[in-house]
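> Taken in order, these protein sequences are the chains called A and B.
The first sequence begins at 1 in this note's numbering and counts up one residue at a time.
The second sequence begins at 1001 in this note's numbering and counts up one residue at a time.
Hints were generated in silico from the structure; no laboratory data involved.
Do not rely on the hints blindly, as some may be mistaken.
What the hints assert, rightly or not - Sample of chain A residues facing chain B (criterion: CB under 10 Å; computed from the structure): (1) Phe33; (2) Tyr35; (3) Gln37; (4) Gly40; (5) Gly42; (6) Pro43; (7) Glu44; (8) Ser58; (9) Pro70; (10) Ala88; (11) Val89; (12) Cys92; (13) Gly102; (14) Phe105; (15) Gly108.
Said to hold, decoys possible - Sample of chain A residues with no beta-carbon within 10 Å of chain B, all distances over it, derived: (16) Ser7; (17) Ala13; (18) Lys14; (19) Gln17; (20) Asp24; (21) Gly28; (22) Asp63; (23) Glu68; (24) Thr76; (25) Lys78; (26) Arg81; (27) Gln83; (28) Glu85; (29) Tyr103; (30) Ser107.
Claimed, not checked - To give an idea of the interface, some chain A residues facing chain B are shown, with a C-beta separation under 10 Å as derived from the structure: (31) Gly3; (32) Val4; (33) Gln6; (34) Arg9; (35) Gln41; (36) Leu91; (37) Thr104; (38) Arg110.
Ideal Cβ placement from N, Cα and C applies to all residues, glycine included.
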Amino acid sequence: GAGVSQSPRYKVAKRGQDVALRCDPISGHVSLFWYQQALGQGPEFLTYFQNEAQLDKSGLPSDRFFAERPEGSVSTLKIQRTQQEDSAVYLCASSLETGDYGYTFGSGTRLTVV
Amino acid sequence: AQSVTQLGSHVSVSEGALVLLRCNYSSSVPPYLFWYVQYPNQGLQLLLKYTSAATLVKGINGFEAEFKKSETSFHLTKPSAHMSDAAEYFCAVSDGTNAGKSTFGDGTTLTVKP
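If we strip away everything but chain A, and leave its shape as in the complex, we get:
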């Protein structure tokens, strides 16, 4: 596609519910990142994929967070047993090359846990 597509745009989850957030990067983009952006703050790194390999997951805040990119294109960020502190905008970004610093972001998924 022309840009990075994320779905859903908005998600309201009850505390304890599992959620899955989808990212469809630009076709052919090798690198894919997930960031979490809390209200009034800058994005914070969650995890990074190079094709299907998850090379860095140091930013995942707990073992309730899990990300995958099984075929090296679409990625899913899953949050189990959601908590109120998980409420944030989850941003996906991709870039063409591993050394192509500066990436294209999607519009994000705004997750609200009630």
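With chain A held as given, fit chain B onto it using these hints.
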């Protein structure tokens, strides 16, 4: 470890006036530096990036930034503000590993008055 400090969470200028958004960084290795713009309910858009070439970097929409190693700064400027420049701006730093995993500042909201 890397960090970014954006001085001034809110900046207000008149249309046609100079825009100056301040960013100072900390990095133990030569950094890569970025400015992104975020419009409401949208993802981040790359304005410009410094990757150890020319210290004065020109970006989109008339913005530019100068890398000053001695001051550990990467301030963003635009000679003449336009109403459409009103948005939130984020400075980010990367150490060049993991295809540009970045640390972001908390953002500066730019307001442009008619």
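> According to the definition I'm using, a residue is off the interface if its beta carbon is farther than 10 Å from all beta carbons of the partner; does Ala13/A meet that for chain B?
19 Å, holds
> Should the interface hint for Gly102/A be scored as holding, given a Cβ-Cβ cut-off of 10 Å against chain B?
4 Å, holds
> Minimum Cβ distance from Gln6/A to chain B below 10 Å?
8 Å, holds
> Close enough to count: is the Cβ of Glu44/A nearer than 10 Å to one in chain B?
Since the shortest Cβ distance to chain B is 7 Å, the answer is holds.
> So Arg81/A supposedly isn't at the interface. Is its beta-carbon more than 10 Å from every beta-carbon in chain B?
Check passes; 27 Å lies beyond 10 Å.
> Using 10 Å as the Cβ threshold, decide whether Gly3/A counts as touching chain B.
9 Å, holds
> Tell me if the interface restraint on Leu91/A is satisfied: Cβ within less than 10 Å of some Cβ in chain B.
6 Å, holds
> Close enough to count: is the Cβ of Thr104/A nearer than 10 Å to one in chain B?
Since the shortest Cβ distance to chain B is 7 Å, the answer is holds.
> Please check whether the beta-carbon of Asp24/A is more than 10 Å away from every beta-carbon in chain B.
With a cut-off of 10 Å, Asp24/A remains clear of chain B, as the shortest Cβ separation is near 13 Å.
> The output says Glu68/A does not contact chain B. Does that hold with a beta carbon cutoff of 10 Å?
It holds; Glu68/A is separated from chain B by about 18 Å at its closest Cβ, greater than 10 Å.
> Less than 10 Å between beta-carbons is the criterion; does Pro70/A satisfy it with respect to chain B?
Violated - the Cβ of Pro70/A stays beyond 10 Å from chain B, reaching only about 19 Å at its closest.
> Given Phe105/A as an interface hint, is its Cβ closer than 10 Å to any Cβ of chain B?
Given a least distance of 3 Å, the restraint on Phe105/A holds.
Hint check: violations occur at hints 9, 10, 29 and 30; the rest are consistent with the structure.
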